[in-house]
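Enquirer: Using the sequences plus the hints, can you model the full thing?
Sequence order for the protein chains is Y and G. Using the working numbering, the letters of the first sequence map in sequence onto residues 473 to 985. Using the working numbering, the letters of the second sequence map in sequence onto residues 1425 to 1739.
For the record, the hints were derived by calculation from the structure and aren't laboratory data. Bear in mind that the values here come from a model prediction, so they are computed numbers and not experimental data. Please note: incorrect hints may appear among the correct ones.
Unchecked claim - For lysine-lysine, the following DSSO-like pairs were computed, each having C-alpha atoms within a straight-line distance of at most 27 Å:
#, chain 1, residue 1, chain 2, residue 2
1, Y, K648, Y, K852
2, Y, K556, G, K1471
3, G, K1437, Y, K889
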Amino acid sequence: MSDAPATHVNPLRDPADRRLPRIPEPCALVIFGVTGDLAKKKLIPAIYDLANRGLLPASFVIVGFARRDWGDETFEEMSREAAKAHARTPWREEVWARLAGNFKFVQGAFDDDAAFDRLDATVDDLRITHGIVGNAAMYFSIPPLAFPTVLKQLKRTGMSDNRQDGGGWRRVVVEKPFGEDRASASELNELVDQVFTAPDVFRIDHYLGKETVQNIFALRFANAMFEPIWNSNYVDHVQITMAEDVGIGTRAGFYDDNGAARDVLQNHVLQLLAIAAMEQPNGFEAEEIRTEKLKVLRAIKLHDDLEATAIRGQYTDGWVQGRPVKGYLAEDNIPQTSTTETYAAVQIGIQNRRWNGVPFYLRTGKRLPKRVTEIAVVFKEAPHMPFADYDTTTLGNNQLVIRVQPDEGITVKFGSKVPGTGMELRDISMGFGYGETFTESSPEAYERLILDVLLGDKTLFPDAQEVDASWAVIDPLEEYWESTKPEPYESGTWGPAGADLMLQSSGRRWRRA
Amino acid sequence: MHLKDTTTGDIMKALDGLLHEVGGGTSGLALNLVALTTEDEREEVEKAASFAAQEHPYRLILAIPRDLEATEPRIDAEVTVGDRLGSAEAIILRLDGPAAKHLTSIVLPMLASDVPVVTWWLLDPVRYGLEHELRSFADRRITYSARAADPVASLARRAESYVPGDTDICWTRISLWRSLIASAFDGVTQSVEKIVIKADDDDPSAQLMAAWLDTRLGVSPEVVDTEVERNSEHLPAIASVAFTMVGGETMEVERKTDGTTVLRQAGLPKRRQTLQGRTLGQLLAEELRHIEPDTAYRHVLDAFKDHYASDRAAA
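Expert: The structure is reproduced here in structure tokens:
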């Protein structure tokens, strides 16, 4: 028996009433580093989109914190421009009018005690002036180096404490990278979890906010026809690709310190793998899903022969999308001697009964021919085919491809007879697409994730243990790569030859994504 | 593509031809939408349908009874894909004479196989003796009782003959209002003693609002008949909803004509929201998001029915 008082249930909320959207309680969103690109291109527009869909509470305030010398009005005006330029839903003045007057700006540096005292007072004042009842989410849109300083300030001012006297919750949102190896991640996790409490920490992996990624749960666990073949009896291997056509852009400093494996493999790709390979959770609660994801991540094993199964590449000059582009070493602020990889392809295994003996090939890279993210499950050949060899020469393995972006959807590839008098067989594909116009109405990843933070729903956020388990996969790779040089590949091609060899050695090949 | 005096077989051939040309197929269809309308309302229905098709790829079958006096049955059809009607595959039928009465036999072979069928009518199907026909093959039926000559009586008739899958745009259009009220109740722990709704008594939406609050809060609201000026047709004619709690505290949501909506709650500063009417297309899109029967609506409709019956008995 529990002594805790029964939580009050709003009588107007009925789980069967599917039309009432989930709307967060009155609250403030405090954004650190609000003048940065992420805030301008993603966060502020996502807030406008949420308002446009009627998903924000009546009392909602956006508090910006940055070094720039802005007032509330300037901040509001800049936010308006950002929302207008980058929002996905149509622009409507009246929607903005409802947000207007709810922008506060606090100027200061991260080591400035007085500025944080002002911020604390500002958020406290909103309790009375804007009825936010003390609820606040703090979004860290800042370089990871600044995390400790800001966290210490939040602890010092007490801003990070949940108000026990019914005075509201405090949550924190952190963006990747979560450290640069297992040790630093654990240090960072400890610090964040200690300043806030672990359930109040939301780590954003924006891939998990995508509709298609959430649809993997539906595909696997709501259907009868896929799960029976989703194992080593029928699956030959799995390929997870996250390709980008862009280069490193303006992220030279950060990128050169980290590289493709730390930047993408550790988080997005391993999260996709976890969702594609996990066992069925007991339920759809955050904790139940996390349990299964964690089991899979901890069952990952690298191949013994890293030389053949952990390939790094670095792009050289070439042509992408019909334009000449510079090689990595010629990019601004990249040292000539850099051995940072812009491409990584790794073969891993998952040590459990379901996936025993099934290789998972993971690859990610920049300056590849196009931007595409997909999970391809490649099935074994039919045990016996009653056709002549020459009839099936062009027949490949059956595939089920989950296209995460762009062109979200699912493709199934299977053999079919070519019309004619002979028995010639060829692969054809059957597709399900979310549709091009459909995307306008489905929420953008950041929209969904910000809403979930404000609602306190952690289903789509990896926790500290998952981050730790992911680094446990990456650390040995980085250690091995320490003494090697990445293989050059021409911009606009599908990566270094070593990656192709990795699959060819077992008679497989990369799917042309 | 226009087909004069045609048959369903030819219409489907034309649709297949068009789909083949654009390289599409029926594999991505989410549902069939069968809409019954008149020539006068056609444009409005088409506009709404093409908007909703962005969210729900569907095959639209628009049936327009034309010359009902004609003795010879005749079907004229227009078939379009990805054209005037957005991304929907659309068949527009104009039906003369006995053809209009046999809508089922015309529509059944045109439905995309094995995806749900939703019927939607803005006009009164009783007038054409089509209500039963439309019910026979639909998984969901959308009506708009506010458009009927006597809106509340029309909704009451729908309540009497309710079958799972029925729904009404008058319910859809109070979703935003309901959501605003529900979020105001987050964190409120006192029980409600009294509810006063200022609304147009003849608006089915206001009646549904009262019935909803009654079912959820156990307090029967008093509806004060008020003339409500609206800046959009698809808004409920509700001006304000006021609650008095057991402890005497009050909470009120009031909407002004321009859409400014104020939430006054004891102990909290006044909060403003904007509550605008949605387009028919947006309302239709919300409706199509739910293919399973709306049980919440059913409870509310039952409460409305009882209330309506006792009102009639009293009068």
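Enquirer: Next step is simple, just say for each hint if it's right about the structure.
Expert: Going through the hints against the structure:
1. Y:K648 with Y:K852: violated, 36 Å
2. Y:K556 with G:K1471: Holds, at roughly 26 Å.
3. G:K1437 with Y:K889: holds, 25 Å
Consistency with the previously given hints fails for number 1 only.
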